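The listed protein sequences correspond, in order, to chains A and B.
Just so you know, we're using our numbering here: the first sequence kicks off at 1 and counts up by one.
Just so you know, we're using our numbering here: the second sequence kicks off at 1 and counts up by one.
Think of the hints as simulated: they come from the structure by calculation, not from any bench.
Source: prediction; values computed, not measured.
Hints may be right or wrong, so weigh each one.
[What the hints assert, rightly or not] Straight-line C-alpha distance at most 30 Å; calculated BS3-like pairs for lysine-lysine:
1. B:K94 to A:K140
2. B:K73 to B:K99
3. A:K140 to B:K193
4. A:K170 to B:K94
5. B:K89 to B:K73
6. A:K140 to A:K208
7. A:K193 to A:K33
8. B:K3 to A:K140
9. A:K33 to A:K208
10. A:K208 to B:K193
11. A:K193 to A:K89
12. A:K140 to B:K89
13. A:K170 to B:K95
14. A:K270 to A:K140
15. B:K193 to A:K270
16. A:K193 to A:K170
17. A:K89 to A:K170
18. B:K99 to B:K89
19. A:K208 to A:K270
20. A:K170 to A:K140
21. A:K33 to B:K94
22. A:K208 to A:K89
23. B:K95 to B:K73
24. A:K170 to A:K33
25. A:K193 to A:K208
26. B:K73 to B:K94
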Amino acid sequence: MIYVLIALLIWAGGWLLNVRLANGPSSNLPMTKVVIPAIFGLTIVVVWELMVIGFVVNPVILPAPSSVLSRLGQEGPILWADFRQTILKGALSGYIMGTVGALIVAVIADRSDFLTRGILPVGSFMAALPIVGTAPIFVKWLGSDWESKAAVVAVMVFFPILVNTVAGLKDTNSMQRDLMRTYAAGYWPTLFKLRLPSAMPFIFNGLKIGTTLALIGAIVAEFFGSPTVGMGFRISTSFGQLALDMVWAEIVVAALAGSAFYGVMTWVEKRVTFWHPSQR
Amino acid sequence: MVKSVLPVLTVVAAILGIWLLAVVPMNMHLVADQAQRDGAIVQPDTPAARQGVGGLTLAINNPDLISLAYSFKRPRLPSPQQVSGEMYKTIFQKKITSKRSLVYHGWVTLAPTLLGFVIGTGMGILLAVGIVYSRVMDRSVMPWAIVSQTIPILALAPMVIVVMGSMGIQGLFPKSLIAAYLSFFPVAVGMVKGLRSPSSMQLDLLRTYNASGVQGFWSLRLPASAPYLFASLKIGISASLVGTIVAELPTGARAGFGARMLVGDQYGQPLVSWAALFAAALTAAALVGLFSAIERVTLRRMGMDAA
Chain A
1 MIYVLIALLI
11 WAGGWLLNVR
21 LANGPSSNLP
31 MTKVVIPAIF
41 GLTIVVVWEL
51 MVIGFVVNPV
61 ILPAPSSVLS
71 RLGQEGPILW
81 ADFRQTILKG
91 ALSGYIMGTV
101 GALIVAVIAD
111 RSDFLTRGIL
121 PVGSFMAALP
131 IVGTAPIFVK
141 WLGSDWESKA
151 AVVAVMVFFP
161 ILVNTVAGLK
171 DTNSMQRDLM
181 RTYAAGYWPT
191 LFKLRLPSAM
201 PFIFNGLKIG
211 TTLALIGAIV
221 AEFFGSPTVG
231 MGFRISTSFG
241 QLALDMVWAE
251 IVVAALAGSA
261 FYGVMTWVEK
271 RVTFWHPSQR
Chain B
1 MVKSVLPVLT
11 VVAAILGIWL
21 LAVVPMNMHL
31 VADQAQRDGA
41 IVQPDTPAAR
51 QGVGGLTLAI
61 NNPDLISLAY
71 SFKRPRLPSP
81 QQVSGEMYKT
91 IFQKKITSKR
101 SLVYHGWVTL
111 APTLLGFVIG
121 TGMGILLAVG
131 IVYSRVMDRS
141 VMPWAIVSQT
151 IPILALAPMV
161 IVVMGSMGIQ
171 GLFPKSLIAA
181 YLSFFPVAVG
191 MVKGLRSPSS
201 MQLDLLRTYN
211 ASGVQGFWSL
221 RLPASAPYLF
231 ASLKIGISAS
241 LVGTIVAELP
251 TGARAGFGAR
261 MLVGDQYGQP
271 LVSWAALFAA
281 ALTAAALVGL
291 FSAIERVTLR
301 RMGMDAA
């Protein structure tokens, strides 16, 4: 009971501290903007830990953060192998294939107004569909190693990137196109020097949506068959052994990988679209 | 609207055409094996030798078997007419209470999706209101709401189901929880944007009217957020449906689209999987379409149809 009380006190303390910080004079400093969510996150983890101890929660239902952390420390090599199998081999290669495919199809479709008008609605329709459902089919076709995961990921990221790229390639005004014409620029110079660069904010929007989809696709596809390594495999087998702390350790890795993937994309976007109003 | 009908039909026809062409090379080996067992003469004549040649070569060598590829019983890639036939059979020709009816399985999936979606949307809107009006919540919760979008939480849906099952909670609720979680953050993030969309001019005008905060919320912020809300609702409902289906996939669920996909896969009935997949796609399309229609009508009546 004493742990629960301490947890409640820490919660109140953290909240009060944040109220002070957010309404205080320094609330607009970049430092404070990082500190406040950090305090919030830390409070939740501490309260979680104390609640698990205080209520003697069965670790099969919810493990304490400390045991998850110790798993993260102990099982480093296994987690790294899973990370390589799922993220680097499955998700990343599929992501690259899907992106390249979508860009090529978008540029081809863009040459004809007719095709564009057809592909935009069909593509945004496909982007809303439960494409993860194709995972069992792909595993059957391509075997259980990373190729089938890459295929699922490629199909999942294809449509959001396609739709955004097609929309982005339309995003030049007639003044800009006329300027290129006065320079006697043909189709390809116009594409590479004007239209692709001005489509970049749209393309990155699609790429960022794709990062989460890629991880989901790679992990879910492993539930339907995988070699004895991989994050999805580890999640489902650790689950069978009731090693919930291992499951949570994989979740932490997946969360970090997802945020890092997204972060890298945002960083590249900042570099590439430095000229866009939203980045200045 | 009318202008895009023909292009859309062309693209759909092209996809169907590619599909029809792909059926032959994908199934040719299986068809050839079966035909040989039935006593037909097949070139090349042993399964091992056939593995060495591609599906296309096999089709050219045995042109009389090509038509069989479209009606093969357990194909690797079923033909479009097989899938639509299976869907017709399981949607219209079975009683909707039957375990084989896709309508029954569709409802098993749809009910938790809708329940979860309603819960998630409600909570999302409440959180958004909290974030807009409380500086502390904005600063401490909003960054996490955005980060949580980048986490592949959907991949864990099956585990959540099993954990709750082991705690004795079964039925509608665990799946609704996942559907709610998945629609929660898109709605919250979109609504925060929407509630903040009134310009300072508009807010100042309300201040000159001496409007209270509550009045400002109901007559300016909430209406102004409608376009953002509908955009998030469309994302949220498809995310909820995907979440429910994934939750049904590897957990030994006995009913629902996800369970049908898995059953078809495990018991060698690819048609069942494919029919479930397409039925799920149609359901998603219908839900998104429904919200688009509501959006169009509502925004027009609010005088915002340009947006």
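Any hints this thing doesn't respect? Which numbers, in order?
Of the numbered hints given earlier, those the structure breaks are 3, 4, 7, 8, 11, 13, 14, 17, 20, 21 and 24, listed in rising order.
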